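Please model the entire structure based on the sequences and the hints provided.
The listed protein sequences correspond, in order, to chains A and B.
Heads up, the first sequence is in the numbering used here, so the first residue is 1 and it goes up one at a time.
Heads up, the second sequence is in the numbering used here, so the first residue is 395 and it goes up one at a time.
Among these hints, one or two may not hold up.
To be verified - Pairwise CB distance ranges (calculated):
| # | chain 1 | residue 1 | chain 2 | residue 2 | range |
| --- | --- | --- | --- | --- | --- |
| 1 | B | R636 | A | L143 | 19 to 29 Å |
| 2 | A | W202 | B | Q603 | 17 to 27 Å |
| 3 | B | R589 | A | K269 | 39 to 49 Å |
What the hints assert, rightly or not - Cross-link-like lysine-lysine pairs, in silico, DSS-like; alpha carbons within 27 Å at most:
| # | chain 1 | residue 1 | chain 2 | residue 2 |
| --- | --- | --- | --- | --- |
| 4 | B | K541 | B | K583 |
| 5 | A | K251 | B | K590 |
| 6 | B | K419 | B | K494 |
| 7 | A | K251 | B | K509 |
| 8 | A | K251 | B | K419 |
| 9 | A | K251 | B | K494 |
| 10 | B | K506 | A | K251 |
| 11 | B | K646 | A | K251 |
Claimed, not checked - Some chain A residues flagged as far from chain B (calculated, every beta-carbon gap over 12 Å):
| # | residue |
| --- | --- |
| 12 | Y25 |
| 13 | E41 |
| 14 | L323 |
Honestly, the hints are just simulated from the structure, not real lab data.
Keep in mind the model is a prediction, meaning the values are calculated, not measured.
In this text, a Cβ means the ideal position worked out from N, Cα and C, and glycines have one as well.
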Amino acid sequence: MRKLSVLLGLLLPLQLASAWEVSGYVEPELRLFAQEGMQAEQARTDVSLAIQPEFIHERGDHQFVFTPFARIDQQDGERTHADVRELYWLYAGDDWEFQAGIGRVFWGVTESQHLVDIINQTDLVENMDGEDKLGQPMIRGSLVRDWGIVDAFILPGFRERTWPGKKGRLRYPLVVDTDAARYESSREQRHVDWALRWTQTWGDWDIGLAHFSGTSREPQLVPGLNSAGEAVLVPWYPLIDQSSLDLQAVKGDWLWKLEAVSRNGQWRKRYAAATTGFEYTLVGVNDTAIDLGLIAEYLWDERGSDALTPFQNDLMAGARITLNDQQSTELLLGLITDLEYDSRVFSIEASRRLFDHFKFTLEVRLFNSGEPRDLLHGFRRDDYLQVALAWFFR
Amino acid sequence: MRLWIVAVSLTLLSGYVSAETPEEKGLSIAVEADRRDSGFGDFTAHMTMTLSNRQGEKSVRKLRVKTLEVEGDGDKSLSIFDEPRDVKGTAMLTFSHALKPDEQWLYLPALKRVKRISSKNKSGPFMGSEFAYEDLSSQEVEKYSYKYLRDEEINGLDSFVVERIPAYKYSGYSRMVVWLDKEHYRPQKIAFFDRKNKPLKTLLIENYQQYLDKYWRADRMLMQNHQTGKSTLLAWRDYRFRTGLSDRDFNKNTLKRAR
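Put into structure tokens, the structure is as follows:
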């Protein structure tokens, strides 16, 4: 974190010099689990509070952004955590960009999982859907040309995945001991990764090609003992090379999507994984303002039951209902069914704005798994309902 | 932009040969309005949308818009949302076209994700307002077929009344009736008819200001929905023309760093 204090040192004088724009949110959250957990330490209710302010300063072509994040969790000490989501300086040239600091990048097009998205580590204690990410130290150069946009990344400093602790729900029977993490690289967290990405749009088509070389964001979990002699899972992070393709075509009310990766270094041989599907939107159902999106995606991983994901041969079917009302009410329903094992996960995500500055969100996930080889088997008693009310300030 | 030269010469020519049909006159009015508004280059502006429902409850959206005129095609634009607070930082990039579907991307700051938007949502409400995406996109001559209806006075101004029928796919309207003042060819009022040809909305366009001694922009646009009783007031301010925007300001990188 020495780098952090250096960066802060650079940024603070600017704060004195001129105004920073401040905004952000505070969000109390309640999780209710339908059943007692598999472990005695686990509770059925969990209250927590998250805060994420954002500080932005713009001067000419320079942009400074600082986004810290923190959560206090009633039950799980691991979920009580803080992170610097963003802390960077960005310079925008005419047709190029340079960015240095801690940043956040998203790659990809599909909804059910994000195979191609590899720059940032998953903040798994936040949500098991993997959409919350930790800030990643990076230097990024970007060029805009007629033939596309090229982004080059140098990624010094590795971020470990977060995992629920002993008292946390939505975990494996054994706790992941993050203090004992091991690496293939002898430089461990100091290994410098790199990545290159090209994106282009041709009319209805958006395409992205990328390559990443460095420490895998996805660890292997190896059974071991912690310092107290208890059985734990120890994360082991191998060095990998991953090439990826993401493709999207918009044809009228159809969006066709494909994400595919080929990875070397994480399994006994090079393997491939893919997500492909569509989203079909019925605009203005029955002459109302309501849009109904129908989503279907197929999820595949060549490693089969060796995969570090439960989605090795699964089908996702979903519906997105957008009311297009003043409160921006949205509802997303999704069911992922394993085509090989007796296993499925159903989820509801809903949100609605209240009183201009608040947003209410509701999340339900139901797990059903009768197959011990499936990773979701460990969550079979973790059905939950989550409600949260965010207050947006500025 | 070539089309208007052909059209105008055709109209002039037809004046000598035979009487102008209402369709020809409607088109030549649209062509003239387009000619008078072309060459602005680019502009930036702030927009406040006030949404009111039947009970009079209001909610406000604020955004900033950057627009680049593209010769021979629809404009490029970048909209950055400031309010409501939960969508602050959301941005939308649009490459509009006359008849081809627009290309549109939405940047979601919470996920840092750029999402392509299906081109069929033209008829959908813009941010829950009474304005549809198609009402706010760039108005190209080729987007409609036209028919001159009559002359009429509106807001104390001598005006043409022209009917236009969308020529692009996925419109939410069967037709529109537009009142344009004869002196400056500025739309003063637009009546929208739904797909079943029932009156749907009326747009009143007020407080025109002239910029660069040529281009007229309205400060106030009030859209009233007759079927729902809801209305949306669009107020524009800080119009600035020829700010030096170029093609390079409209791509996925500028969309992501828009603040």
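Outcome of the hint check:
1. B:R636 to A:L143: 19 to 29 Å: Given about 27 Å between the Cβ atoms, the range holds.
2. A:W202 to B:Q603: 17 to 27 Å: Given range 17 to 27 Å: violated, Cβ gap about 40 Å.
3. B:R589 to A:K269: 39 to 49 Å: violated (57 Å)
4. B:K541 to B:K583: With Cα atoms ~16 Å apart, K541 (chain B) and K583 (chain B) stay inside 27 Å; holds.
5. A:K251 to B:K590: Between K251 (chain A) and K590 (chain B) the Cα gap is close to 26 Å, so the pair holds against 27 Å.
6. B:K419 to B:K494: Holds, because 25 Å separates the two Cα atoms, which is no more than 27 Å.
7. A:K251 to B:K509: Distance of about 15 Å is within 27 Å: holds.
8. A:K251 to B:K419: Violated - the C-alpha atoms of K419 (chain B) and K251 (chain A) are around 35 Å apart, more than 27 Å.
9. A:K251 to B:K494: With a Cα-Cα distance of about 11 Å, the restraint between K251 (chain A) and K494 (chain B) holds, given a limit of 27 Å.
10. B:K506 to A:K251: Between K506 (chain B) and K251 (chain A) the Cα gap is close to 24 Å, so the pair holds against 27 Å.
11. B:K646 to A:K251: holds (20 Å)
12. Y25: violated (8 Å)
13. E41: holds (32 Å)
14. L323: Contrary to the label, L323 (chain A) does not stay out of reach of chain B, its closest Cβ about 8 Å off (not over 12 Å).
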